[in-house]
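Note that the protein sequences, when read in sequence, are chains A, B and C.
Here the working numbering is used: the first residue of the first sequence is 1209, the next is one more, and so on.
Here the working numbering is used: the first residue of the second sequence is 1209, the next is one more, and so on.
Here the working numbering is used: the first residue of the third sequence is 1209, the next is one more, and so on.
There could be a bad hint or two in this list.
Going by beta-carbon spacing under 10 angstroms, a handful of chain B positions derived as facing chain C [as the list claims (entries may be wrong)]:
1) Thr1216
2) Pro1250
3) Gln1252
4) Val1361
To list a few chain C residues with every Cβ distance to chain A over 12 angstroms, as calculated [unchecked claim]:
5) Thr1246
6) Ala1257
7) Leu1311
8) Pro1323
9) Ala1326
10) Ser1327
11) Asp1334
12) Pro1359
13) Arg1369
14) Glu1378
15) Val1381
16) Gly1386
17) Val1389
18) Arg1406
19) Thr1412
Pulled from the structure, derived: some chain B residues nowhere near chain C, Cβ distances all over 12 angstroms [as the list claims (entries may be wrong)]:
20) Thr1214
21) Pro1238
22) Ala1257
23) Ser1284
24) Ser1285
25) Ala1287
26) Ser1327
27) Ala1351
28) Glu1376
29) Pro1404
30) Thr1421
31) Ser1443
It is worth saying that the hints were derived from the structure and are not from the lab.
None of these values were measured; they are calculated from a predicted model.
Ideal Cβ placement from N, Cα and C applies to all residues, glycine included.
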Amino acid sequence: MRPIITLTTDFGTVDGYVGEMKGVISTHAPEAQIIDITHDIPPQDVERARLTMARVWRRFPAGTIHVVVVDPGVGSSRAALAVASDARYLVGPDNGVLSPALLVAGMRAVRLQVPRGASATFHGRDVFAPAAAALARGASVDALGQDAVDPIVHRTPEPIRRPDGSIEGEVIVVDRFGNAVTNLIGRRGGELEIGPTRVALHGTYAEGASGETIGVVGSTGFIEIAVRDGNAATSLGLSRGSRVVLRPTG
Amino acid sequence: MRPIITLTTDFGTVDGYVGEMKGVISTHAPEAQIIDITHDIPPQDVERARLTMARVWRRFPAGTIHVVVVDPGVGSSRAALAVASDARYLVGPDNGVLSPALLVAGMRAVRLQVPRGASATFHGRDVFAPAAAALARGASVDALGQDAVDPIVHRTPEPIRRPDGSIEGEVIVVDRFGNAVTNLIGRRGGELEIGPTRVALHGTYAEGASGETIGVVGSTGFIEIAVRDGNAATSLGLSRGSRVVLRPTG
Amino acid sequence: MRPIITLTTDFGTVDGYVGEMKGVISTHAPEAQIIDITHDIPPQDVERARLTMARVWRRFPAGTIHVVVVDPGVGSSRAALAVASDARYLVGPDNGVLSPALLVAGMRAVRLQVPRGASATFHGRDVFAPAAAALARGASVDALGQDAVDPIVHRTPEPIRRPDGSIEGEVIVVDRFGNAVTNLIGRRGGELEIGPTRVALHGTYAEGASGETIGVVGSTGFIEIAVRDGNAATSLGLSRGSRVVLRPTG
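With the rest of the complex left out, here is chain A:
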């Protein structure tokens, strides 16, 4: 089986940085199959990269190598990591982007050596792509560096259970459709409070009337706020961190 290497960056594609990384991988691991996840992470948005990776990394088969380069601290003393977790591999900076894999029991993380002559501004090309290629050729993470000490882990904030039985959550991310994904675990029955707005929970986007604001259980099991044929984030002024209160019923 050809090993899979996925790429997740904030580089866009036009500047050629991603092209350079693909060239390095193709040169050092010609058998690898390169799959783009995204290059449209907003510049330096570590949290967004973490959430995208959380959705994606375990959907790929065992042996897959995920390269995640959203790296505002490139060239500083922040560590470069390789992680083996749940039979997959991940490489990227030690700034939280690899959190989903670092939270798994039994994972193993090492600090990558920065090769002599590596650019101080582009570890994607000179550190992470070569490390991914080495893993694709069969290297173990242990061959790539020494134990990483206390890698940085970010967690999605937990909702707060209030004395009156309601649950206070928040918007974690707004997607391309303007759906606002919250940290509230999906359930049947209940009402959402978003500032002065009251919103009922439905089964699917299509259950709402056109233009209606609804809550639905999204594809990762969390409640999302959507407007049928519209954009919930724009209509309700929602962005990352906006408060959403769930009042369960039944």
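Could you slot chains B and C onto chain A? The hints should help.
Here is chains B and C on its own, set in the frame of chain A:
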């Protein structure tokens, strides 16, 4: 030969939905070669997806599997389809996006079973990607579901022949260059009327003077309106549905 | 080894033009591995495509075929080229986009035949994709056409050494992060003048304080102007061609 699976969606890439689909395909059909067509269909623009697919689907070799997920009705009673047509396969919602393949004589369309536990909001991951993987592993469409009854077919509107010999058409799509593609079949000789503007037909974009508005026969055989070194749609205020009249000469 | 074909265009992806090219390549060279470099070159920006290709083309292994289609002159008398250079192949219009490969000693360039029936507006599909597929199947460039006469070569402008020892350069490209890449060769020590602004040279982006404007040696060895956690091009009003003066120290 490794089977090809192409992807056409309105998901963008940043949210990771496409990444999840690629993971599911890689897991269930590791031999498949995944090729991106686009993830930049404007959100829920079924018509745009239909036109993009019309251009693309038969350019790929026999055996190719096209996955098209522009799906405002996800989770409603709309059917999920698999289609075998002209030696290619297509999967996607029953909302018109698969029309180009459904119009071919001898095609075969089935209604996909929605697996138990599928997300009500993300059939791309839980219905269409697994169906594409099954086809890549050699399943027939008949193995995937029962006959689809009257799948929805959209057609590009036909131009109208008028008593004075002119032909009234319309703009079907505006491309990235601002070229307005019409439903008027290409021909040599003639003049276009776009509101008060008169435009001559030329052979290529490069024949116009810089800034000149011209009509050319585009790469699918239809007349396009272009501005040399400019943007015709912006200059002339053209969008989908704008009227364009052709006065043939000669 | 499967041959690699990379794609660099200004087509975007939504219109399906790139999809058509991928279909043609898959049909005529089913063993080829297609890798996207970018489809987001600004429409008709030949210079930007040249710079992206300059970064990328030699990062890929010997035998790679690069297809570059940014082609305002399509359908005119401009030549269509295939180039063999430094063990790689490139195909694209004769307008400067292939300059990085044309500047290498011992390169070989031929003028591609335009097949009968080729669209006058889409050589990407009808000329360049078939030529790339032929190269992937093992054709030599000589089999694809006759000697190209004086292909067009663009060069990055050279900085000017001034009598007072300072060096006058300019901004070559602004990247997605707002970093302004100049034509000034990287060095340790010195100060940049950008209009009234004075900027010190640092080792990495991360050395600046948040919001500070700095000069760093970028990943191709040229000096870049960056703002830590900000956008240098926006803050300083920089764009392609903006003057930057280097005053070396030490």
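Comparing the hints with the structure gives:
At a threshold of 10 angstroms, the smallest CB-CB gap from Thr1216/B to chain C is about 8 angstroms, leaving the interface hint in force. For Pro1250/B, the suggested interface contact is upheld, since its CB lies about 8 angstroms from the closest CB of chain C, less than 10 angstroms. For the restraint placing Gln1252/B at the interface with chain C, the shortest Cβ-Cβ distance is roughly 14 angstroms, beyond the 10 angstroms limit, so the hint is violated. Among the interface hints, the one on Val1361/B is violated; its C-beta lies about 19 angstroms from the nearest C-beta in chain C, farther than the 10 angstroms criterion.
At roughly 4 angstroms, the least C-beta separation between Thr1246/C and chain A is not larger than 12 angstroms, which violates its mark as non-interface. Remark: the non-interface label on Ala1257/C conflicts with the geometry, its nearest Cβ contact in chain A lying 9 angstroms away (cut-off 12 angstroms). With a closest Cβ-Cβ approach of about 17 angstroms to chain A, Leu1311/C is found to remain outside the 12 angstroms limit, as its non-interface label requires. At the 12 angstroms boundary, the C-beta of Pro1323/C stays outside the reach of chain A, the nearest C-beta of that chain being 29 angstroms off.
The Cβ of Ala1326/C lies farther than 12 angstroms from every Cβ of chain A, with a closest approach of about 28 angstroms, so its non-interface assignment holds. Separation of Ser1327/C from chain A is adequate, the least Cβ-Cβ distance of about 26 angstroms exceeding the 12 angstroms criterion. Annotated as non-interface, Asp1334/C keeps its C-beta farther than 12 angstroms from every C-beta of chain A; the closest such distance is 25 angstroms. Every C-beta of chain A lies more than 12 angstroms from that of Pro1359/C, the closest at about 22 angstroms, which supports listing it as non-interface.
Separation of Arg1369/C from chain A is adequate, the least Cβ-Cβ distance of about 26 angstroms exceeding the 12 angstroms criterion. At the 12 angstroms boundary, the C-beta of Glu1378/C stays outside the reach of chain A, the nearest C-beta of that chain being 18 angstroms off. Separation of Val1381/C from chain A is inadequate, the least Cβ-Cβ distance of about 7 angstroms not exceeding the 12 angstroms criterion. Once the 12 angstroms rule is applied to beta carbons, Gly1386/C is inconsistent with being away from chain A; the minimum gap is 8 angstroms.
With a minimum CB-CB distance of about 9 angstroms to chain A, Val1389/C fails to clear the 12 angstroms threshold, and the non-interface call is violated. Every beta carbon of chain A lies more than 12 angstroms from that of Arg1406/C, the smallest distance being close to 21 angstroms; the non-interface claim holds. The non-interface label for Thr1412/C is inconsistent with chain A: the shortest C-beta to C-beta separation is roughly 3 angstroms, within 12 angstroms. Taking the minimum C-beta to C-beta distance to chain C, about 7 angstroms, the non-interface status of Thr1214/B is violated against the 12 angstroms cut.
Pro1238/B, annotated as away from the interface, keeps every beta carbon of chain C farther than 12 angstroms; the closest lies near 16 angstroms. Distance to chain C contradicts Ala1257/B as a non-interface residue, since its nearest Cβ pair spans about 9 angstroms, not more than 12 angstroms. Non-interface status of Ser1284/B relative to chain C is upheld: no Cβ of that chain comes within 12 angstroms, the nearest being about 25 angstroms off. Against the 12 angstroms criterion, Ser1285/B stays outside the reach of chain C, whose nearest CB is about 29 angstroms from its own CB.
The claim that Ala1287/B lies off the interface holds: its Cβ sits roughly 25 angstroms from the closest Cβ of chain C, which is beyond the 12 angstroms cut-off. Every Cβ of chain C is farther than 12 angstroms from the Cβ of Ser1327/B; the closest lies at roughly 26 angstroms, confirming the non-interface assignment. Taking the minimum C-beta to C-beta distance to chain C, about 25 angstroms, the non-interface status of Ala1351/B holds against the 12 angstroms cut. Chain C leaves Glu1376/B outside its interface by the beta-carbon criterion, the shortest separation being 24 angstroms against a cut-off of 12 angstroms.
Against chain C, the non-interface label of Pro1404/B holds: every CB pair exceeds 12 angstroms, the least being about 26 angstroms. With a minimum CB-CB distance of about 15 angstroms to chain C, Thr1421/B clears the 12 angstroms threshold, and the non-interface call stands. With a least beta-carbon separation of about 14 angstroms from chain C, Ser1443/B lies farther than 12 angstroms from that chain, consistent with its non-interface assignment.
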